[in-house]
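J.: Line by line, the protein sequences give chains Y, V, A and H.
Positions in the first sequence are counted from 1; adding 2 to them yields the numbering used here.
Positions in the second sequence are counted from 1; adding 2 to them yields the numbering used here.
Positions in the third sequence are counted from 1; adding 1191 to them yields the numbering used here.
Positions in the fourth sequence are counted from 1; adding 1191 to them yields the numbering used here.
It is worth saying that the hints were derived from the structure and are not from the lab.
Warning: the hint list may mix true and false statements.
[Claimed, not checked] Below 20 Å or equal to it, Euclidean Cα-Cα: the simulated PhoX-like pairs (lysine-lysine) are: (1) H:K1247 to H:K1315; (2) Y:K63 to H:K1306; (3) A:K1315 to A:K1231; (4) A:K1315 to V:K63; (5) H:K1315 to Y:K63; (6) A:K1247 to A:K1315; (7) H:K1315 to H:K1251; (8) A:K1251 to A:K1315; (9) A:K1247 to V:K63.
[To be verified] Among chain A residues calculated to face chain H with C-beta under 8 Å, some are: (10) I1200; (11) E1246; (12) P1288; (13) W1325.
Predicted model only: the values in this text are computed from it and were never measured.
The C-beta atom is built at its ideal place from N, Cα and C for all residues, glycine as well.
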Amino acid sequence: MKVRMLLFAVLRDIVGADEREIEVADGVRAIDLWNDLRATHPRIAPYERPPFTAVNQDYVKPETVLHDGDEVAFIPPVSGG
Amino acid sequence: MKVRMLLFAVLRDIVGADEREIEVADGVRAIDLWNDLRATHPRIAPYERPPFTAVNQDYVKPETVLHDGDEVAFIPPVSGG
Amino acid sequence: MTFLTDDPIDQQALIDAVLRRSDGALALFAGVVRDHHAGKAVESIFYECWRPMAEKEMAKIAAEVAAAYPDAAIAFVHRLGLLHVGEASIVIACASPHREEAFSACREVIERVKKTVPIWKREKGPDGEEWVGWQGQ
Amino acid sequence: MTFLTDDPIDQQALIDAVLRRSDGALALFAGVVRDHHAGKAVESIFYECWRPMAEKEMAKIAAEVAAAYPDAAIAFVHRLGLLHVGEASIVIACASPHREEAFSACREVIERVKKTVPIWKREKGPDGEEWVGWQGQ
Chain Y
3 MKVRMLLFAV
13 LRDIVGADER
23 EIEVADGVRA
33 IDLWNDLRAT
43 HPRIAPYERP
53 PFTAVNQDYV
63 KPETVLHDGD
73 EVAFIPPVSG
83 G
Chain V
3 MKVRMLLFAV
13 LRDIVGADER
23 EIEVADGVRA
33 IDLWNDLRAT
43 HPRIAPYERP
53 PFTAVNQDYV
63 KPETVLHDGD
73 EVAFIPPVSG
83 G
Chain A
1192 MTFLTDDPID
1202 QQALIDAVLR
1212 RSDGALALFA
1222 GVVRDHHAGK
1232 AVESIFYECW
1242 RPMAEKEMAK
1252 IAAEVAAAYP
1262 DAAIAFVHRL
1272 GLLHVGEASI
1282 VIACASPHRE
1292 EAFSACREVI
1302 ERVKKTVPIW
1312 KREKGPDGEE
1322 WVGWQGQ
Chain H
1192 MTFLTDDPID
1202 QQALIDAVLR
1212 RSDGALALFA
1222 GVVRDHHAGK
1232 AVESIFYECW
1242 RPMAEKEMAK
1252 IAAEVAAAYP
1262 DAAIAFVHRL
1272 GLLHVGEASI
1282 VIACASPHRE
1292 EAFSACREVI
1302 ERVKKTVPIW
1312 KREKGPDGEE
1322 WVGWQGQ
């Protein structure tokens, strides 16, 4: 199945991409994608959990299981206001 | 000695004057002037103490003793803002 | 600082008076004439004031709230005379590097003004006019 | 309601949007770009946003705060893009018959926006640019 991963602000800068279409296995969780990112990006490697995770524009736990077509976003701590 | 009595808002309307020069005896207290007003104005007669009292533009207790030239004000509860 | 005015309050002037380059927060409060009070319709309010003492009390409030919130800059003006529904009777502007102080200072000013500043209002509605609050018996 | 804008925020439009004839109180909060942060000089801030989710979160905040303060009318807008010192990044206007609700609703909105709305700032100063808060390692 396919999911779309979104990255914002400093995370986008670290990873060097704002969006990725990813082919994943059934049962994959948001945190599994995060761990894949950690493996290749030293600046986030120390972080066992993403700052915030949203699936289809709702905040969720990173252990949330993804489904085909889901849009998963890793979100740095927000600083609006 | 002489003092000046000021009345505002509803108190001025009740008494029918906004200012009075009064000849008083030494040792007179603000509340003595209030009691004089009560004696002649039924709408305030039930009030043993004025709502607020100021002498020379400072809030004081109505038992405050007045001095020659003092300006004593009887002030209805304020409703600004 | 001018604390009393007979004209519509210039909100932007108050904001400009308080906001410094070091401020990240601006809290503003406006008291507005509303169309009802204690179950009665209101058309307008006349604000009467004992000016010299009101100015003195307002200066005292400004100084005391500034002392309590030293990072905040504070300005406020009360309007006097006849005001109609929707018009602001008081506007308070507080700026501060952080929002906590701006909100708290703003709130403190309005609470104190309502307690001690010698201003009184006479409400006018379809049934006539009367002083608000204490009216004797 | 429009929650996001790329242009300077029209504060008066927000006030006009909330103030009803029955309101006696208006509380307004503005977040402003200030000239320092964490000991560093700041010249400007770039606000980045994930628009669809930010709009969704802001609509949720508006609905939840309105439900918590049913007498209050609430409007707020966050500005995006490059802002300089003194410019407002967010303005929140809350009107209510009484001041307690207006203040509380206004405060509640800013606290929630700062917690959940996906907006991030990148500060620029004499020493360069950096994202505020979490930056990885």
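J.: I'd like to know which numbered hints this structure contradicts. Please list them from smallest to largest.
T.: As far as the earlier hints go, 1, 4, 5, 6, 7, 8, 10, 11 and 13 are violated by this structure, in ascending order.
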